[in-house]
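Peer 1: Here is how the chains run, residue by residue.
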Amino acid sequence: MSLLWRMSGRELLHHRWQALLSLLGVALGVAVVVAVDLANESARRAFALSMESLTGQATHRIQAGGQGLDEGLYTQLALDPDLDVAAPTVEGVVTVQGLTLRLLGVAPFAENGVRGHLEGLEGEALTRLLTEPGAVALSVDTAASLNAAVDRPLAAQAAGRTIPLTPVALLAGDPGLDGLLLADIATAQEVLDKLGRLDRIDLVLEPGQAEELARRLPPGVRLEAAEERGDAALELANAFHLNLTAMSLLALVVGSFLIYNTLAFSVVRRRPRLATLRLVGVTPRGLFRLVLAEAALLGALGALLGLAAGWALGNALLGLVTRALNDHYFLVTVTGLTPATLSFAKGALLGLGVSLAAAWAPARQAAGASLLAARRRSADEGRARRLVQPLALWGLGLLTLAPMLIGLGPADHLVLGFAALLALILGASLLAPLAVQGLPNRLAGPLGRLFGPPGRLAARGLAASVSRSGMAVAALMVAVSATVGVGVMVESFRGTVDRWLGQTLRSDLYVSAPEGADALPPGVAERLDGVPGIRERSSGRRVEADTPRGPIDLLALGLASQSPRGFELKTGDPASAWPRVKAGEAVLISEPLAFHRGLGLGDELLLNTPAGPRRFPVAGIFYDYSAVRGMAVMERGRYRELWDDPAVSTYGLYLQPDADPDQVKQAVRGALAGHGEVLVQATGEIRARSLEIFDRTFAITHVLRLLVVGVAFIGVLSALLALQLERAREHAVLRATGLTPRGLFGLTALQTGLMGALAGLLALPLGLAMAWLLIEVINRRSFGWSMDALIPPGTLAEALLLAIAAALLAGLYPAWRMGRAPIAAALREE
Amino acid sequence: MAMRVILNQVWRAVEPRMDTNRRESLNALFAPPLRPLRYIALALLLAACTPEPPPEDGIDVGAALGGAAAEGFARADRPRAFRFPEDHGPHPAYRNEWWYFTGNLEGPKGGRYGFQLTLFRIALTPDAPQRPSRWAAQHLWMGHFAVTDVPGGRFHADEQFARGALGLAGAAQDPLRIWLKDWEIRLEDGAWRIRAAMEDAELALTLNPEKAPVLQGDNGLSQKSAEPGNASYYYSIPRLAAAGRLRLGGESIPVQGQAWLDREWSTSALGADQAGWDWFSLQFDDGRELMYYRLRKQDGTTDPHSAGSLIGPDGEVTRLAAEDVTLQPLEYWQSPAGGRYPIRWRMQVRQLEQPLTLRALLPQQEVDQSVRYWEGAVEISGPQGRVLGRGYAELTGYSRK
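One line per chain: the protein sequences are A and B, in this order.
For the first sequence, the residue numbers in this note's numbering are 1 to 830.
For the second sequence, the residue numbers in this note's numbering are 1001 to 1401.
Worth double-checking, as some hints may not be accurate.
Claimed, not checked - Residues of chain B placed beyond 10 Å of chain A at every Cβ, according to the derived structure:
#1 1074
#2 1125
#3 1167
#4 1197
#5 1219
#6 1327
#7 1368
Stated by the list, open to error - Pair by pair, the computed Cβ-Cβ distance ranges are:
#8 147/A with 1080/B: 47 to 53 Å
#9 1334/B with 211/A: 42 to 48 Å
#10 81/A with 1212/B: 31 to 37 Å
#11 1337/B with 81/A: 51 to 57 Å
#12 526/A with 1083/B: 20 to 26 Å
As the list claims (entries may be wrong) - Looking from chain A toward chain B, a few residues come up when the C-beta cut is under 8 Å (computed):
#13 78
#14 81
#15 83
#16 97
#17 107
#18 130
#19 131
#20 186
#21 195
Worth flagging that the hints you see were computed from the coordinates, not collected in a lab.
Note that the coordinates shown come from a computational prediction; the quantities given were computed from them, not determined experimentally.
From the three backbone atoms N, C-alpha and C, an ideal C-beta is built for every residue, glycine too.
Sequences and hints are given; from them, build the entire structure.
Peer 2: What follows is the structure, given as structure tokens:
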């Protein structure tokens, strides 16, 4: 057996470029899978950790909607000897050096074992934390990322002001503290402008205590189990994670084509030797195992390399994932990747598994090697050609399966959606060889007229070597179609959001509270009254409202006459819906909210208001892309009454027709100068900023697209190398009969260009089908967003060019090599 | 005296490890996650009681500031004139202060009970904070409450913390009221009323002073170690007639007996070479009282600053010095928590005509909270076993925490 192994080793070494490329393919595929998985897991873990560090050991929390709890409630409960109430909490967001951090205000001597963050504090640090205004403690890692040190004040933006925060202690060891500023509750109240208020009271309750406590709470104040909140947010983000994972698997699928190519090629080349081995007594099983072992070696090495690369790539992706999560779901600070054994194991297993699966057919081929057929490459081409049709039939079968999968199961079943996507890709891949066999033959005539004999030769050669070229075309097609599919989806989405922004942003100017501030300072309205050129204004109060299934966004609108035009109803009649909303009887809900909660017209939305739970009939469902967790719109008067909250987050200003927006903007700025920090923005600015956030969210998909194409590029390169080496004799004959090296180069280039064009053309329908699936099935099922399909011709042309360019580029080296190959040696092999 | 326990415990806990990385060692000490208060309390007290920062690499600005902050507090460095009832109230100019009640009670069926209720005031800053949040506090309050149930053979102890803000805890002068959540000490028309509750026990007593306050040490200035300024203002009300109700589990028992009040306030700490102490408050049936504390040094010898007083039936005070008293443990109790406490003593006082035997009513009167010490009811008997009175003992430094 050791002889066989040595042969194997020699073979791989001798064709090390081939081996290296397939190794690289697997490595890249595994790297992408591992990187996405790591980034996902790290973000998720960071979220879980930060949830944990915010709630600690708490089993329950007391909270109210809107403005939080009156601190007097804590005193009242704490002084009740029958209750063991702990951990009043004030929490909010501050920005330091552009980094968003969570400020957690705790009462160190009222924690009762809920959280242990301050355990490591020395006495004097604790004393300072308790007594100095603006004193905070933070983790060593967070301090490092802020370049913060004890006693060096940080300028923090909080509640629309800039406030110095002084670190008095650095805490080591707990990753849950990353992104957290710990402060005494008094400091948190002052910094976050929440004097007299608590966000919640965290408690550790024994079973059975909850009911008793709940009974003692005033109306509007609720006791809820601690895990509810975190779960809802995680559930939403899961869809995001799942999407990324699916994209990463695509890279691995493309990588598997590579392994197949390498091994199939090496089997073909070794046919005589393998046949000889059969003659000297090696069993077919032995040969089968030999090829599988080679695949395992390549797969294992590739996977290993992929794990290392995945770690590096994961670090790069992490920022993108985290940013997208922060923009849309929850604030999470991830300072580093968490090395998750499971991610690595998954990646390694996938790499190895895919390699073995790809090697199966070549291994079978090797086992069947016979001395008779050994010298005839045409024999296997013949077999391959006979296989093309059955494969295509399988492909067709898979393609018909795809739509059936979508119909199967409930309408929000995401996994089935991805299964359909996979069936689509595999089906198309299996059909690709048929196209490679059929199309170039038809093109032979026209190409011959265009380029002369080389044109004909290029086309025929492609069809004749379908076992090799079919695979390469399929790989390139899948990669390019992914860029088409994802590109069309993102463009459609962007177009939809842009159009929606145009529809929604009806006012000319917006006056809003700065980021981090809860509301506009009082008195803004009076000052706006004095500004000339304003015809009308609407007011909006956007808050987090609580529902039994987690928080949603609530927009309380003081409507201007034109406001309703800012909402495009997907379901419901504007003429009947708006009067009901204006009367405070009903609410409008956003499409994602309707989707996630299964709410329809006439159903009721339950909101936990400070005045107790209230039900609101749904008068209409509007398109919205701003709140992933869903949004409800309510009349502001009604909100004010229930929430006892007169604050306003935004004013929308409608200008008089003859007013100059820039002038009015300046006038508004002037009127509000010295009145706290207030944002005055023209509609265009907001639109631009929103799209910027959108692009940021999808930045990661662009990166993944490029990676998939990268893998495909390597695939084409390796396929061409195999092809050209295989054809050495053929080319030598051509050279001997008068084809110049240049001519040979041209022939090769033409052939690769043809492959690229073929892959690109095939990728278009596949890509569009993928886009349709992504838009209508995956995204809708993940986020509940509907979008208008938009097929940008640019994306399609780009895809075609990408395919041809990738193929041509990959063909350069093999073509150059062909041209220089010595004729005599190649001919002698005959 | 219990404050001294705390200070000493902190020193003992922290000192041996100070030379290594300080943060590491503190983290190691403060590791168990479910009892953070203990460590926070210790840490805070450490700061409150450390006039000089422990040696460390470089300049510790925080410690320097902490030291500077200590400058803002008044110090017990000279005798002062005491005025009552004003001095029963808080003295916020000093860093630490406590109201410390102990007593022996008896039920209608003759069942014996002991109790301890202590409220500690620990100042965070010398001045009241001028901050908008109502949570900003000048003081931190800590309370210990313990009940010895002799018939049931059980000992109950609990601890509470709160900041002196939002009405959670505090001290008010007129009428005098010191409270920590639902634990409360009041003085109304010359009578003290105390109330406290924990899960298994609840106590409400009216305490009528039967003797005038006794100034301990040098006219109320009690020197704790050789360093000048390491002293406190210290007075006791050595005998109060107690009556009220004690709830144990579901049972409410009318009780009566005698109590002792210790009042102490100070700013600075004690010497580091003291290992612990044995403190006794004894109330004899013949109308006399005795207070004595023996400061034990690390080498086991008695610190010359050990002191006490003997109070006659009419209130006349005889000061006791270290050489006047000898203490000899006769029996020990091994605590499951690790300490080994003497629970029977032979005490000889030069000014008393006969040697005394002191016996703990229950061996396990160990308070195992943020700090671990033994504080419990004792019975005094003479040479022939004749019962001479009752008292309370506090034993510290026997168990490392």
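Peer 1: Decide, hint by hint, whether the structure agrees.
Peer 2: Taking the hints in turn, this is what the structure says about them:
1. Residue placement check: residue 1074/B keeps its beta carbon more than 10 Å from all beta carbons of chain A (closest about 18 Å).
2. With a closest Cβ-Cβ approach of about 5 Å to chain A, residue 1125/B is found to fall inside the 10 Å limit, against its non-interface label.
3. For residue 1167/B, the non-interface assignment is contradicted: its Cβ lies about 6 Å from the closest Cβ of chain A, within the 10 Å cut-off.
4. Not every Cβ of chain A is farther than 10 Å from the Cβ of residue 1197/B; the closest lies at roughly 5 Å, contradicting the non-interface assignment.
5. The beta carbon of residue 1219/B sits about 32 Å from the closest Cβ of chain A, which is more than 10 Å, so the claim that it is off the interface holds.
6. The beta carbon of residue 1327/B sits about 33 Å from the closest Cβ of chain A, which is more than 10 Å, so the claim that it is off the interface holds.
7. The Cβ of residue 1368/B lies farther than 10 Å from every Cβ of chain A, with a closest approach of about 16 Å, so its non-interface assignment holds.
8. Checked against the given bound of 47 to 53 Å, the beta carbons of residue 147/A and residue 1080/B, roughly 51 Å apart, stay inside it.
9. Judged by the Cβ atoms, the range 42 to 48 Å given for residue 1334/B and residue 211/A holds: they are separated by roughly 43 Å.
10. Against the hinted window of 31 to 37 Å, the Cβ-Cβ separation of residue 81/A and residue 1212/B comes to about 34 Å, which satisfies the hint.
11. For residue 1337/B paired with residue 81/A, a C-beta distance near 28 Å fails the hint of 51 to 57 Å.
12. For residue 526/A and residue 1083/B, the Cβ-Cβ distance of about 57 Å falls outside the hinted range of 20 to 26 Å, so the restraint is violated.
13. Because the smallest distance between the Cβ of residue 78/A and any Cβ of chain B comes to about 6 Å, under 8 Å, the interface hint for this residue holds.
14. Annotation: interface hint on residue 81/A holds; nearest CB of chain B at approximately 4 Å, less than 8 Å.
15. Against a cut-off of 8 Å between C-beta atoms, the interface hint on residue 83/A is violated, since the closest Cβ of chain B lies about 10 Å away.
16. Hint status for residue 97/A: violated, given a least beta-carbon distance of 23 Å to chain B, over 8 Å.
17. Residue-level restraint check for residue 107/A holds (minimum Cβ-Cβ distance to chain B is 7 Å; threshold 8 Å).
18. The restraint placing residue 130/A at the interface with chain B holds, with a minimum CB-CB distance near 5 Å, inside the 8 Å limit.
19. Nearest Cβ of chain B to the Cβ of residue 131/A: about 5 Å, under the 8 Å cut. The hint holds.
20. Interface restraint check for residue 186/A: the shortest CB-CB distance to chain B comes to about 4 Å, inside 8 Å, so the restraint holds.
21. At its closest, the beta carbon of residue 195/A sits 6 Å from a beta carbon of chain B; the interface hint therefore holds under the 8 Å criterion.
Checked against the numbered hints above, the structure breaks hints 2, 3, 4, 11, 12, 15 and 16 and satisfies the rest.
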